[in-house]
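K.L.:
Please put together the full structure from these sequences, using the hints given.
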Amino acid sequence: MSDEIIVVDQLHKYFGSVQAVKGVDFRVKRGEVVLIVGPSGSGKSTVLRCINHLEVPTSGAVYIDGVHLEDKKTNINEVRAEVGMVFQQFNLFPHLTVLQNVTIAQEKVRKRSKEEAEKIAMEQLQRVGIPEKAGSYPRQLSGGQQQRVAIARSLAMQPKIMLFDEPTSALDPEMIKEVLDVMLDLAKAGMTMVVVTHEMGFAKAAADRVVFMDDGQIIEVGPPEQIFGKPQHERTQLFLSKILAH
Amino acid sequence: MAGPEIQIPDVSWRDNWREFPWWLVAIFGFLIVMAILVFTSENIREAFLFIIPGIQLTLYITLAGFALALVLGLLAGLGRISSNALVRNIAITYVEFVRGVPTLVLILTLAFVLVPAVSNAFGVDNRNVSIELRAILSLAIIYGAFLAEIFRAGIESISKGQMEAARSLGMNYRQSMQFIILPQAVRNISPALGNDFIAMLKDSSLASVLAVRELTQRARLYAGSTFRFPESYLVLTFCYLTMTIALSLLLRWYEQRLGKDSR
Chain A
-19 MSDEIIVVDQ LHKYFGSVQA VKGVDFRVKR GEVVLIVGPS GSGKSTVLRC INHLEVPTSG
41 AVYIDGVHLE DKKTNINEVR AEVGMVFQQF NLFPHLTVLQ NVTIAQEKVR KRSKEEAEKI
101 AMEQLQRVGI PEKAGSYPRQ LSGGQQQRVA IARSLAMQPK IMLFDEPTSA LDPEMIKEVL
161 DVMLDLAKAG MTMVVVTHEM GFAKAAADRV VFMDDGQIIE VGPPEQIFGK PQHERTQLFL
221 SKILAH
Chain E
492 MAGPEIQIPD VSWRDNWREF PWWLVAIFGF LIVMAILVFT SENIREAFLF IIPGIQLTLY
552 ITLAGFALAL VLGLLAGLGR ISSNALVRNI AITYVEFVRG VPTLVLILTL AFVLVPAVSN
612 AFGVDNRNVS IELRAILSLA IIYGAFLAEI FRAGIESISK GQMEAARSLG MNYRQSMQFI
672 ILPQAVRNIS PALGNDFIAM LKDSSLASVL AVRELTQRAR LYAGSTFRFP ESYLVLTFCY
732 LTMTIALSLL LRWYEQRLGK DSR
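Residue numbers (our numbering), protein chains in the order written: chain A, -19 to 226; chain E, 492 to 754.
Worth flagging that the hints you see were computed from the coordinates, not collected in a lab. For clarity, every value in this text was computed on a predicted model and none was experimentally measured. One should not assume that every hint holds.
Here are the simulated lysine to any residue pairs, SDA-like style, with alpha carbons at most 25 Å apart [stated by the list, open to error]:
| hint | chain 1 | residue 1 | chain 2 | residue 2 |
| --- | --- | --- | --- | --- |
| 1 | A | Lys222 | A | Arg189 |
| 2 | A | Lys91 | E | Pro674 |
| 3 | E | Lys751 | A | Ser122 |
| 4 | E | Lys651 | A | Gln68 |
| 5 | A | Lys88 | E | Pro674 |
| 6 | E | Lys651 | A | Lys168 |
| 7 | A | Lys53 | E | Gln675 |
| 8 | A | Lys94 | E | Lys751 |
| 9 | A | Lys140 | E | Gln653 |
| 10 | A | Lys168 | A | Tyr(-6) |
| 11 | A | Lys91 | E | Gln675 |
| 12 | E | Lys751 | A | Gln80 |
Here's a subset of chain E near chain A, in silico, CB distances under 10 Å, partners left out [what the hints assert, rightly or not]:
| hint | residue |
| --- | --- |
| 13 | Arg579 |
| 14 | Arg590 |
| 15 | Ser650 |
| 16 | Ala656 |
| 17 | Leu660 |
| 18 | Gly661 |
| 19 | Asn663 |
| 20 | Gln669 |
| 21 | Pro674 |
| 22 | Gln675 |
| 23 | Pro682 |
| 24 | Asn686 |
The beta carbon of each residue, even a glycine, is placed where N, CA and C say it ideally should be.
P.N.:
In structure tokens form, the structure reads like this:
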């Protein structure tokens, strides 16, 4: 078993004639927290979505724990059960209660009994701090609460990796902290995380490495102090000057 | 709870007569007059008593046909959005074929061309296939194509993020459809399904061309043998309108409740 749990090899992705990702190599070690930053349209979300095969690479390969995702013999559902994903728009299931949101995949994919699934669900809801909302429907929750339920929903599958696609971008400012706190706890607990975000505070507190992407390529990689403190590349400096200006 | 007093506007319907559902009064007026006539007029009562047993077959054909149409519609609707080109084209061919031919013509074609062809292929004498079954199959095939478009629209109305979230949790396509997408889609399209049920109840009258003794066929038989055409067809209209108005009021009430729930 290799120490590298995510291996992305020469990833290219076209949407029609537009090339979103232009040859990305990217590796993540077990327990590492990696941030991907970059301007919109830089291909960072596409790379993330290739890691759990929501996007299929045009060429290149992705390996999760040694399993080649693009191989036709790979059961992608088994891999996805090990890779949690948190979306910008939460994507909770509106017709199910919070508890059912967190139990359904456990029952259908992990084949856990209802009792066991509910027990694990309550533990995870406890962990994200809203066990009292178990019986509510998503529409009755604030954005921050919904995102925390979404995190609990992924965690209940007991994944090896958690992917976050701009998890705080759709939130009102006062709700960002409650979500980041949960993510911070998760990072401290040793979860392997890949996070697309612009949250500098989270980067400094939790990230082992920051990857800066622009125009479908990785421009610069380094520890957060280096990327945010003294970026080497001109494009990184330009991007940081823009997001730090306000 | 001592808040500011809310002024409830005085909505006596004298001011609001424009909003009053006069159409309902008119329709109920017609139904009530007909009901009275059934009790008071000898000829109307006789026509009514001859025609009304047909309601059993009308309801049977409609319910059985609609149940089958739901299955066909769901399959064809899923086929319409399939990534498999063959499946998708079969579904589109079915839907477009049915939409391009008048309902009455389709019933005749399906009952007297498709059913014999299929039953011969399976070595069954097609005279053993009852006209009721032919009517049910015809209506199911026709409405299956309409429902397919409703199902497709309903599934496509659910945001892509729902499918992505379900798949990212490891659920396969079928599980994601069954547990996440379809429950939401069916709820959204339930008023449209209700409307098509009412439409199918009315179109079940076309089964009379196959000589199925449902309401319309019985009215035609009665009119033909007694020459009481006005009585027969007034009673027939009365029967259908009673059922459709009751169903559409039920549907309006359900839609309002649905609207309140999702707020």
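K.L.:
For the pair supplied as a hint, A/Lys91 and E/Pro674, confirm whether the alpha-carbon distance does not exceed 25 Å.
P.N.:
holds, 21 Å
K.L.:
Take a quick look at whether A/Lys140 and E/Gln653 sit within 25 Å of each other, Cα to Cα.
P.N.:
Holds, at about 22 Å.
K.L.:
Can the hint on E/Pro674 be confirmed by a CB-to-CB distance to chain A that is less than 10 Å?
P.N.:
holds, 5 Å
K.L.:
Close enough to count: is the Cβ of E/Ala656 nearer than 10 Å to one in chain A?
P.N.:
OK, holds: E/Ala656 within 10 Å of chain A, min 4 Å.
K.L.:
Does the CB of E/Gln669 sit less than 10 Å away from some CB of chain A?
P.N.:
holds, 9 Å
K.L.:
Report holds or violated for the interface hint on E/Pro682, using the least CB-CB distance to chain A and a cut-off of 10 Å.
P.N.:
violated, 17 Å
K.L.:
Under the criterion that the straight-line Cα-Cα distance not exceed 25 Å, is the pair A/Lys94, E/Lys751 satisfied?
P.N.:
violated, 31 Å
K.L.:
Quick one, are E/Lys651 and A/Lys168 close enough, alpha carbons at most 25 Å?
P.N.:
violated, 32 Å
K.L.:
Between the alpha carbons of A/Lys88 and E/Pro674, is the straight-line distance 25 Å or under?
P.N.:
holds, 16 Å
K.L.:
Restraint: E/Leu660 near chain A, CB-CB cut 10 Å. Satisfied or not?
P.N.:
Given a least distance of 4 Å, the restraint on E/Leu660 holds.
K.L.:
Going by Cβ atoms only, is E/Arg579 closer than 10 Å to chain A?
P.N.:
Not OK, violated: E/Arg579 not within 10 Å of chain A, min 19 Å.
K.L.:
Close enough to count: is the Cβ of E/Asn686 nearer than 10 Å to one in chain A?
P.N.:
Status violated, d = 22 Å.
The structure does not agree with the numbered hints 6, 7, 8, 10, 13, 14, 23 and 24 stated previously, though it agrees with the rest.
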